[in-house]
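Undergrad: What follows is each chain in one-letter form.
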Amino acid sequence: MAIELKVTSPQTRRLITALTFFTAILLIPLVSAIAVIAAGGGMGEATREVFFNIVSWARLVAYGATALVLLVLAYGPLSRLRLWLLGRKEARWDRPWERLKAFLMYGIGQGRMPNDLYASAMHLLIFWGWLFLFIGTLMLAFHDDFVEYLEGYVYLGYSLALDLAGVAATVGILMALYRRYLWKHPKMRLGSLWDDVALLWLMLAILLTGFVIEGMRVGVSELQGAIIDVGGGREANPDWAPWSPIGFVIGKAALEAGASDGLMLGIHKVLWWAHLVMAMGWVAWVGYGKLSHILLGSANIFMRKLSPTGAALAGSALEPIRDFETAERFGAGYLRDFTWKQLADVDVCVRCGRCESQCPAWNTGKELTPMGFLQEIKAYLNEAGPALQAARRQDDGQQPEERKVAGDVVSFNTIWDCVTCGACEYQCPIFIEHIQKLMDMRRYLVMEEANMPETAQATLMQLEQRGHPWRGTQLTRTTWIEELAREGIEVPLFDGSQEYLYWVGCTGALQERNVRVTKAIVRLLLEAGVSFGVLGAEESCSGDPARRLGNEYLFQMQAQKTIETFKAKGVRKIIVNCPHDFNVMRHEYPQLDGHFEVVHHTELFARLLAEGRLRPQRMGDLWGVPTTYHDPCYIARHNDILTEPRQVLAATGVELLEMGRHRKHTFCCGAGGGHMWVEESKGRRINHVRTEEATDTGAQVIAVACPFCMQMFEEGVGSVPEAAQKGVQVLDVAELLERSVTFSRVVRRGS
Amino acid sequence: MSLHIICCVKQVPDPETPASQFKVDEAAKKVIPAPGIAPVPSQFDTIGVEAALRVRDALGDVKITVLSMGPDSFRDAIKHCLAMGADEGVLVNDPSLYEADHWVTAQVLAAAIQKLAPYDLVITGRQAVDWDMGVVGPTLAELLGIPCITIVKSVRVEDGRVVADRVLLDGTETVEAPLPAVVTVSNELGEPRYPQLRQIMMAARKQVTVWTAADLGLDPAQLKNRVSLEALYVPQVKVETEIIDGETAEEKVEKLLQRLVEAKLI
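From first to last, the protein sequence lines are chains A and B.
If you count the first sequence from 1, position 683 lands on 683 in this note's numbering, and the numbers rise without skipping.
Quick note, this note's numbering runs 751 ahead of the 1-based positions in the second sequence.
Isolated chain A, as found in the complex (with noise of 0.2 Å):
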């Protein structure tokens, strides 16, 4: 069973998540009237005894252990929060109503699951049945307390929806104990600790002694007629024990097979308080290790970080460097240089190996896998954190002997693996911000150490000189204006009175392949009568490469240097067919005070279609041509953009064929995170993977939205035996349009 069920539709999505809420809050009235109706009337009289066959003063054993329990629960959490204080400071408090909300859908709701069907299932049948297990006990607590109020139909619902909590949570427990030792599932690959098969084995434990005390119970009382406390008289009540079904089975079975009252009263007692006693310890262990994530994960996602510009991910916007004269170091390259906060989303994973799952660099056999590296800081803070808190503590400037955490706790392959695609953010549960992490720990290694591939390398010192990252190209940023020029089609260069700013990117304009996007882009705004203009030779790079590679203070001097020449020029609104300047400009130019409006191409033109502005050919060459689309990681999974390149591409009338990995379960072409420039360190190259994938739809196109995914699959056509066969072509969604357009207005200016 290697397949996994996925659920892709953010429409169905939200339909399982809704669905799982409303029944899990109306699960007990729901019953309830379910109980009135079936019943007829009549056992108005319902009820239990609370403790029914146990001595009196259990009563004060069981508040007594409650408290003692809470407080052992408790100091797990703070003892961890002192570890996590050994990092630096970082403020996730704003926004609580925003907190709050991502904390129900999240965390309650627990939106993130459906990624992985199976596990979603057994997880929310164990979160839900649990929970409900919990609150009934609250319920009987208060009902024994304070007020009586579980009586009647109340009391057969509320124990019929127990009984069904109970069966939920047993089959989720089931489910797990066969994903763990029979199935054997690739996502524990790092094999079960302690706790998780302890954990397992003592709430199938906890559920099944709950069963058997009821169907004891029930047996004796309600099917037999035993009222215990008013000495030993008897008065039957048959047709309540159906309400408690798993108890009535059992307490029937039991009677069936011949028990005595005394053998089930003694079994009755006997597993009473041995339930009680792994309930409690049950309780306690909340605190700790795996369990903690009920605590701990929804903390997490309460303190998820919240972009101020709307990004999908956290990982979706870089934090920058706020002084570089002052910082004491640049990145983080020990446990002290990450914040607290960082330290915190370490220590919650639960290796739940969804993000490993997804990832482009583990999944084309690299080093890198998130789980990993997460687990290895883990490990390390661990090891050396309370001796690193305790010096911290006497402050007698004395550190101890500290492991560099970036290039050796975390290995240096691991952390130039990353594409930063953003799979694994967008798969965890708890909203464990991975990127972040390893960006901070290249930018420790490239600005502190000067220690990156050699190509990187290369790269960043291109970018220094030239103010590009393409080294050798013979185009200049005018070349393709000028040979426009020759064609009749004058290129405006933005002076601010136009609209809209066309940003060419440094690949757009110096990359042969690239150029003839740019072209198409600038025939289609022309035809559409868009008000544009360009920089032409005034562009340079928007920085984005740097801040990837690690290069935080050239990223901002080319960011600082593009944002000055935008607001010189009047720029407000700013058209890109970049995936990674679009996402830069948006997300990150705001820090250095760089607002402005940026709107993909594909954006542009769903809008111009629909508003009847180009006029795509009813079955032109392109008609049934089977195409496929590869959502590019920044516009879809960072950026949330799926729907318009394909209205683009429905306009063109190509047939398309989705991939399995498609929107926003899309799959990197191995170019981001600066990966274009840099070699990949040893496996499959991820492109040519793409590449085949995309080859195995059926599609003769591949259309594409990104310059740096253009050029990874044209070298993927080419070497993916399949692809070249079949003669499977790369185009852009814009050279796809361009090719259906009519063109009707005079583009063709002086020829």
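No wet-lab data here; the hints were simulated from the structure.
It cannot be assumed that every hint is accurate.
[As the list claims (entries may be wrong)] As a list, the in silico DSSO-like pairs of lysine-lysine whose alpha-carbon atoms are at most 30 Å apart:
#  : chain 1 : residue 1 : chain 2 : residue 2
1  : B       : K1015     : B       : K989
2  : B       : K830      : B       : K957
3  : A       : K726      : B       : K1003
4  : B       : K1003     : A       : K561
5  : A       : K561      : B       : K830
6  : A       : K561      : A       : K305
7  : B       : K1006     : B       : K989
8  : A       : K187      : A       : K682
9  : A       : K252      : A       : K89
10 : A       : K187      : A       : K305
11 : A       : K561      : B       : K774
12 : B       : K989      : B       : K1003
Following the hints, complete the assembly by docking chain B onto the known chain A.
TA: Frame of chain A; chain B shown alone:
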């Protein structure tokens, strides 16, 4: 033992400028600077600094001075080398020297090096990547009266001697010389290191010493170029393409072979 290494560095127009941008004023016999093309340190010279830094990595107590001659903009090249890890920068800036040929350049640099004495090793690139003449290094050695090892791929200092591996067409040659000496380095030595940000920031704060010809006790009137430029032009490259046509692939191959044989290429 403390060692003093002087690295000579030149700034050049970016050699990776697209050829289409490269224009020459044939009448004035000058290269027209391309717009938007930043000057960069000549690559072999930064490799020279890398060689010096490697000597320091091995020995520890080494002072590295970067020496350059040219207009004020050459400071950028010096700053880059300081950011790589060099200790001090000296720029000889004298408008009367802007048209200097290799001979005058070597004389000025030699005077500056003597002013910087004591020194143990002078490292230059095998050639500057703009004019590619490759003579300043050896001329310096001649003027200073010290040994010279050219085009090397590694430099070590052992027991007061410099040991260097020279790059030959068919291998390497290990050469030793007493100090002080001049060594010119080639790209086989390896990539120059990437400056760490702290060093870039420190380099930005460092002062570059500026000297004029007079500071070196030289009279510009006495410094005469020995090389004069006769003509400067971009060579014409002509490419003729002939498309060989035919009905079938076999026919095309047949014709292609025929043409290659006619052209005596096979």
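Undergrad: Check whether the Cα positions of K1003/B and K561/A lie no farther apart than 30 Å.
TA: The given pair, whose Cα atoms are some 55 Å apart, is violated under the 30 Å limit.
Undergrad: Take the C-alpha atoms of K989/B and K1003/B, compute the straight-line distance between them, and say whether it is at most 30 Å.
TA: At roughly 25 Å apart (the allowed maximum being 30 Å), K1003/B and K989/B satisfy the hint.
Undergrad: For the pair supplied as a hint, K1006/B and K989/B, is the alpha-carbon distance within the 30 Å limit?
TA: With Cα atoms ~24 Å apart, K1006/B and K989/B stay inside 30 Å; holds.
Undergrad: Does K989/B lie within 30 Å of K1015/B when you go C-alpha to C-alpha?
TA: With Cα atoms ~20 Å apart, K1015/B and K989/B stay inside 30 Å; holds.
Undergrad: Assess, step by step, whether the Cα of K187/A is no farther than 30 Å from the Cα of K682/A, and give holds or violated.
TA: With a Cα-Cα distance of about 22 Å, the restraint between K187/A and K682/A holds, given a limit of 30 Å.
Undergrad: Between K252/A and K89/A, does the CA-CA distance stay at or below 30 Å?
TA: violated, 61 Å
Undergrad: Is the straight-line distance between the alpha-carbon of K561/A and that of K305/A 30 Å or less?
TA: Satisfied, since the Cα-Cα distance of roughly 28 Å is no more than 30 Å.
Undergrad: With the threshold set at 30 Å, check whether the alpha-carbon distance from K830/B to K957/B stays at or below it.
TA: holds, 8 Å
Undergrad: Given the hinted pair K726/A and K1003/B, is their Cα-Cα distance within 30 Å?
TA: Answer holds: K726/A to K1003/B is near 25 Å, not above 30 Å.
Undergrad: Take the C-alpha atoms of K561/A and K774/B, compute the straight-line distance between them, and say whether it is at most 30 Å.
TA: Status holds; Cα separation ~28 Å.
Undergrad: Are the Cα atoms of K187/A and K305/A separated by 30 Å or less?
TA: holds, 26 Å
Undergrad: Between K561/A and K830/B, is the straight-line Cα distance small enough, at 30 Å or below?
TA: Given pair K561/A, K830/B holds - Cα atoms ~21 Å apart, limit 30 Å.
Hints 4 and 9 from the earlier list are contradicted by this structure; the remaining hints agree with it.
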